[in-house]
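Q: The listed protein sequences derive, respectively, from chains A and B. Those letters in the first sequence? Residues 1 to 156, per my numbering, in order. Those letters in the second sequence? Residues 1 to 196, per my numbering, in order.
Note that these hints are calculated values from the structure, not bench results. Please note: incorrect hints may appear among the correct ones.
[What the hints assert, rightly or not] Not everything, but these chain B residues come out facing chain A in the computed CB check (under 7 Å): (1) Q37; (2) G48; (3) V172.
Just so you know, even glycine gets a beta-carbon here, dropped at the ideal spot from N, CA and C.
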Amino acid sequence: MNMHKDNMTNEKNINLMDGNASSNLVVEEQIARNIVELLSDRAQRISSAEEQRLLAARNLAVNRLVDLQAQAISEHGINQSGHVLGWFGRHAGQYFEQHRVMSATLVVGAMLLTFFAVQQFGFNNNLENSDAFLLASDLPPEAYADKGFDAWLDTN
Amino acid sequence: MATPKELSDFLAAVERRAFKQTAYAVRDDHAALDIVQDAMMKLAEKYGDHPAGEFPMLFQRILQNTMRDFWRRQKVRNLWTTLLSSFGGNDADGEDRDPLETIDVEDDSDEPSAQLARSQTIRLIERALEKLPARQREAFVLRYWEEMDVAETAKIMGCSDGSVKTHCSRAVHALAIELKKQGLDKLGLSSAIFSK
Chain A
1 MNMHKDNMTN EKNINLMDGN ASSNLVVEEQ IARNIVELLS DRAQRISSAE EQRLLAARNL
61 AVNRLVDLQA QAISEHGINQ SGHVLGWFGR HAGQYFEQHR VMSATLVVGA MLLTFFAVQQ
121 FGFNNNLENS DAFLLASDLP PEAYADKGFD AWLDTN
Chain B
1 MATPKELSDF LAAVERRAFK QTAYAVRDDH AALDIVQDAM MKLAEKYGDH PAGEFPMLFQ
61 RILQNTMRDF WRRQKVRNLW TTLLSSFGGN DADGEDRDPL ETIDVEDDSD EPSAQLARSQ
121 TIRLIERALE KLPARQREAF VLRYWEEMDV AETAKIMGCS DGSVKTHCSR AVHALAIELK
181 KQGLDKLGLS SAIFSK
């Protein structure tokens, strides 16, 4: 009988405690809501300098996202057709396939042009060297032009 | 993937609250603006490919982490400053330092005497919020100001649901006591809690 009474009392206490706890929670929530309402009101009234700074920060972040998304799209396009070198090789290959004769003519022409240029430069160089040799020699240039000079040199 | 417009709209909606929350935490408006900008950039760079619905939680987590980084840097800087000042002696500094500069005066000069009671109430609340321990303030702001549920708040704070409830409850009680000290119970903020 006594045990039953004790249990009843405990249950009553627990119910009271639960009631107090829930009412405390409600009061806490209410206070928090009141405080937050005032804080939100305050947050809306910031200085124009702070407002400008926040706007600039927001624009920076949005621009960054735009850049990243554009970069991602271009990377995706390249990845679809293989890597960059593959893309270049494929396009260059297509060009040579379609313009085979033109390409061969261009390559041969470039080789011939290079050959003649080298030849021309080499001939001029030799000519300049021989003129310089004659002018700087101990003997006068007439000595090399005279056919009888060699014969005279042999006899002496 | 979120569009730039969605990101812009989201940031426009939260930036003022984020700035004030950070300012209460770091007590420096310029540092608070830097922290908010860092958080915005990190959100765009690292989570721009996430859906816009995930932005509130991600942004709050980034903001809280950026604040923690700020505190860490401040701690290291303060340590070095203390070490260097103690190493260099304080004779020369002592002459230059004006003790009046270090006193925490109440800056009411920008508030006109005829300002509404509401503005004064807000200022008192801001000061009370600044005095809260960091974890209690974080829980209060996330749970009530950002209107996140207990589980979301716990996830951002990296603690259990029970800890969030405890931090929130303590924060509200501490605020109530602090505001009562300031005579704010007479302003009808909440007579119920003050009468307890």
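Q: Do the numbers back the hint for Q37/B, that is, is its least Cβ distance to chain A under 7 Å?
A: Constraint on Q37/B satisfied, holds at 4 Å.
Q: Given V172/B as an interface hint, is the shortest Cβ-Cβ distance to chain A below 7 Å?
A: Hint on V172/B: holds, closest Cβ of chain A at ~5 Å, below 7 Å.
Q: Quick one, is the G48/B hint okay against chain A at 7 Å, beta carbons?
A: Hint holds; G48/B Cβ to chain A Cβ min 4 Å, cut 7 Å.
Violated hints: none; the structure is consistent with every hint.
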